[in-house]
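Visitor: Given next are the chains, with one letter for each unit.
There are 2 protein chains.
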Amino acid sequence: MPKKKAQLSDENKIIQLLQQRYTSASRLLEKGIGDDAAVIHPEQSREYWLITTDMLLENIDFRLDWTTPQHIGSKSIAVNLSDLAAMGARPRFYTVALALPGKISEHWIIEFYDGLNKVGNDHGAQLIGGDLSRSDQGIVISITAIGESLKRKVVYRSGGKAGDYLYVTGVLGRSAAGLKLLQSGKKNTRSRNRREALDAHHTPDPRCGTGLWLAQSGFVNCMMDLSDGLSMDLPRMCAASGVGAQVRTGDIPVFPESSQWGCDPLELALYGGEDYELLFAVPKSKNSLFLKTYPKDFPSITNIGELTGEKGKVWLIGQNKMRERLQEKGFDHFHQR
Amino acid sequence: MPKKKAQLSDENKIIQLLQQRYTSASRLLEKGIGDDAAVIHPEQSREYWLITTDMLLENIDFRLDWTTPQHIGSKSIAVNLSDLAAMGARPRFYTVALALPGKISEHWIIEFYDGLNKVGNDHGAQLIGGDLSRSDQGIVISITAIGESLKRKVVYRSGGKAGDYLYVTGVLGRSAAGLKLLQSGKKNTRSRNRREALDAHHTPDPRCGTGLWLAQSGFVNCMMDLSDGLSMDLPRMCAASGVGAQVRTGDIPVFPESSQWGCDPLELALYGGEDYELLFAVPKSKNSLFLKTYPKDFPSITNIGELTGEKGKVWLIGQNKMRERLQEKGFDHFHQR
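For the protein sequence lines, the chains are Z and B, in the order given. Numbering follows my numbering, with no gaps: position 305 of the first sequence is 382. Numbering follows my numbering, with no gaps: position 283 of the second sequence is 360.
Extracted from the complex, chain Z is given alone in its bound form:
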């Protein structure tokens, strides 16, 4: 459930309202509204089943002149699989509802589905159905991904405790650096750094294997994926866990190469979004064993701070040890209103 779009504070408010208004217990439901995915427990099933939905709209989430149909397909499924990764689930199936303007060619459609199918296959998820509509506006893509737990071990946003060490996988702000290139008209480049940033933006790699390992390991108290940037997502995890956090800005794994094209790497890491890395918390007592056990060939992980007892407050600690409150802001990619 990435929340990278505009009206972000409104959106949090609406979700809260839906949660209050429509949540009810059911023997078949482990977890409803309010996490990366819902968790169902089919009767007598060995495993939980997880469901997540994401919608992507032309000119809000992608632009046809900046990308290819394969990339749109692969990104559409990747953002959904990332939600399953964030709970530690194994991707299994997905459905695609697609609305297309009349001018879209059959070739475009096939390339789009090939992009979907490639990334789905890579992570074990199979297309099982959907809907096709005509759009008199832009392209709309809505995907629902379905995953299976392993031994019913899933990780929620809500298990974090004060004192837990806060980790992220990979590098933050790289996708946003790629977007900056696109915004300045540089969609083709031979530079390795620029290529890397563009790739991160076009074809994010959902951390399914890592999320599964983390959930199985038993070291992780809470987890989510970073879709809207640390500044938007970390407060959500804190709210769900009833804790606060402090983050050492100097320890955030930024993408320093983006300064070559005029970006502030720290700003992109905090506010850029669309990295689809994992954010998770490990109890201090398990930390050294966790670090010893974490597989060497997995994505890098970085301890960026810790959870605190100051409920709802997220602080940034600068290199001069100065504290400042983290501002919750994302940016709307195509319409700086």
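Since the hints were made in silico from the structure, they are not lab data. Owing to the predicted nature of the structure, the values given are computational and were not obtained by experimental measurement. It cannot be assumed that every hint is accurate.
For identical chains, the list gives no copy identity; a pair is met inside one copy or between any two copies.
[Claimed, not checked] Pairs of lysine-lysine, DSSO-like flavour, derived with a Cα cap of 27 angstroms:
hint	residue 1	residue 2
1	Lys-90	Lys-390
2	Lys-361	Lys-230
3	Lys-90	Lys-195
4	Lys-264	Lys-398
Chain Z is fixed; fit chain B onto it per the hints.
Guide: Relative to the frame of chain Z, chain B by itself:
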């Protein structure tokens, strides 16, 4: 998976292509692309789980000036629950991905979800998650509904045999008659007939209880819901079952009152769509027992013809016994291109 929108023949072609290109066996999957819902079999689960997705777009599927947010909500979930009804599944959960223009009020959003929740509750389905986006164009609603079988008895489109009697529930062409009223600017009326047509259009009642009973009864070889009109949907059932059909036009349960406002009731029944009634086939040998057993207080059912061995051919038999081929056509509700 209603197919009521434009480019209908293209759409059948694309779905066929997806089916050929991306279908692969999985031990957890009973049925993938090509029916009203996909059917999953979680390991050791007592039941199958069914998944279906439908997208509704402003000015394609609904118009804000013709309807209320509650009606949009209730129709959005109803069309999905109808797909579950068509397989005989019990609705359990649903997710909602929603894209909204900035001008939509919080009040509108709450009324919309109240409409969803009312119909969901009526049929035992609970909201468990979703996505909220900004749209820079119209409203987009994409719902995924999840149902559970009872004793693993689900009915596919594909089990029909030559000689089976063809049945429909309820009345056909009533929703389209309501749409005609809206198109001619008559959204308020005191006439009972007109009210009934408008209600059928705004708040279709998915046949969940009937679908479940039919699947449990063991009398039904194949079933689907009528979302695009008999002329579009019956050929799909015939294609899936590898049979043909003949329909006695005089026996189709039309909505004759629509002639009062200039409609041709038969034409609306064949080509109008959005009735969300069930179409199903009963073997001749079981027919009399079926008719005796079918509950008296359930929606009316009507035998409208039979399946034949003439694969892919659907004939209409007029009251003068003349045969003519049924033309596959739907209509695009808001844009007669």
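Visitor: For each hint, tell me whether it holds in the structure or not.
Guide: Hints, one by one, checked against the model:
1. In this assembly of identical chains, the alpha carbons of Lys-90 and Lys-390 lie at most 27 angstroms apart only when taken from the same copy (18 angstroms versus 54 angstroms across copies).
2. Proximity of Lys-361 to Lys-230 under the C-alpha cut-off of 27 angstroms is restricted to the intra-copy arrangement: shortest distance 21 angstroms within a copy versus 51 angstroms between copies.
3. In this assembly of identical chains, the alpha carbons of Lys-90 and Lys-195 lie at most 27 angstroms apart only when taken from different copies (22 angstroms versus 36 angstroms within one copy).
4. With identical chains, the CA atoms of Lys-264 and Lys-398 are never at most 27 angstroms apart, being 39 angstroms at best within one copy and 65 angstroms at best between copies.
In summary, the one numbered hint that this structure violates is 4.
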